[in-house]
Amino acid sequence: ETGVTQSPTHLIKTRGQQVTLRCSSQSGHNTVSWYQQALGQGPQFIFQYYREEENGRGNFPPRFSGLQFPNYSSELNVNALELDDSALYLCASSFGGANGYTFGSGTRLTVV
Amino acid sequence: QKEVEQDPGPLSVPEGAIVSLNCTYSNSAFQYFMWYRQYSRKGPELLMYTYSSGNKEDGRFTAQVDKSSKYISLFIRDSQPSDSATYLCAMSGAGNQFYFGTGTSLTVIP
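First to last, the sequence lines map onto chains A and B. With our numbering, the residue at position 100 of the first sequence is 100, and numbering never jumps. Position in the second sequence (from 1) plus 1000 gives the number in our numbering.
Treat the hints loosely; a few may be bogus.
Stretch by stretch, here's where chain A covers chain B in the computed footprint (C-beta under 8 Å, at least three residues) [what the hints assert, rightly or not]:
no., region
1, 1037–1048
2, 1053–1063
3, 1071–1081
4, 1089–1097
Computed list of chain B residues with no C-beta within reach of chain A, every gap over 12 Å [to be verified]:
no., residue
5, Glu1015
6, Gly1016
7, Ala1017
8, Val1019
9, Ser1020
10, Ser1026
11, Ser1028
12, Gln1031
13, Met1034
14, Asp1066
15, Lys1067
16, Ser1068
17, Ser1084
18, Thr1086
Derived by calculation from the structure, the hints in this document are not laboratory data. Here the structure is a predicted model, which is why all the values come from computation and not from measurement. Where is the CB? At the ideal position from N, CA and C, for every residue including glycine.
Model the full structure from these sequences, guided by the hints.
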């Protein structure tokens, strides 16, 4: 299987709810990063996982959390959703090296 | 001050024109420089990757990095309607975090 797959593609949640987004890494990739892309903005780094351990975190509050599984798939969890969490959430997997990242098509989250 | 500054455009050019896209940055620790193309409703796709200063050419695309000026550029020659997309610059240092520009929206008119 090639490419990075994210699910769901679209999601609508109510403020205060919790959400889980999923990412299936490209075959052979052991590193996964999550990014938040607000409308009209560039992606912002949330965190990265390498071999199931968090390996770096951007300027996001603790209500953003993640997991990486032994098969290198990953989840992004967001608790206590706020209206400003509405964005495209991108997953990128890599085997290492800045030029080795492959992005998925993202999950568009709308918080109402 | 943002880590990376990029003119959001929009930029509209006729088919066949040369397109110049630019970003400036403030962090002198950046050493990896990328350009991504993002079509509507899709994730970013890596176009060009450059390590440190210099030029890199790939077909119709040329990336330039001037670390002394903290300035990077992407040139697209003989632009095609299929080049219409948002172009994002991205950069990183020794760490694992990419810093992206806001993206420049490009439309190539047939």
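Hint check results:
no. : hint      : verdict
1   : 1037–1048 : holds (count 6)
2   : 1053–1063 : violated (count 0)
3   : 1071–1081 : violated (count 0)
4   : 1089–1097 : holds (count 5)
5   : Glu1015   : 26 Å, holds
6   : Gly1016   : 28 Å, holds
7   : Ala1017   : 24 Å, holds
8   : Val1019   : 19 Å, holds
9   : Ser1020   : 19 Å, holds
10  : Ser1026   : 15 Å, holds
11  : Ser1028   : 17 Å, holds
12  : Gln1031   : 9 Å, violated
13  : Met1034   : 7 Å, violated
14  : Asp1066   : 18 Å, holds
15  : Lys1067   : 15 Å, holds
16  : Ser1068   : 21 Å, holds
17  : Ser1084   : 17 Å, holds
18  : Thr1086   : 9 Å, violated
In this structure, the earlier hints numbered 2, 3, 12, 13 and 18 are contradicted, and the remaining ones agree with it.
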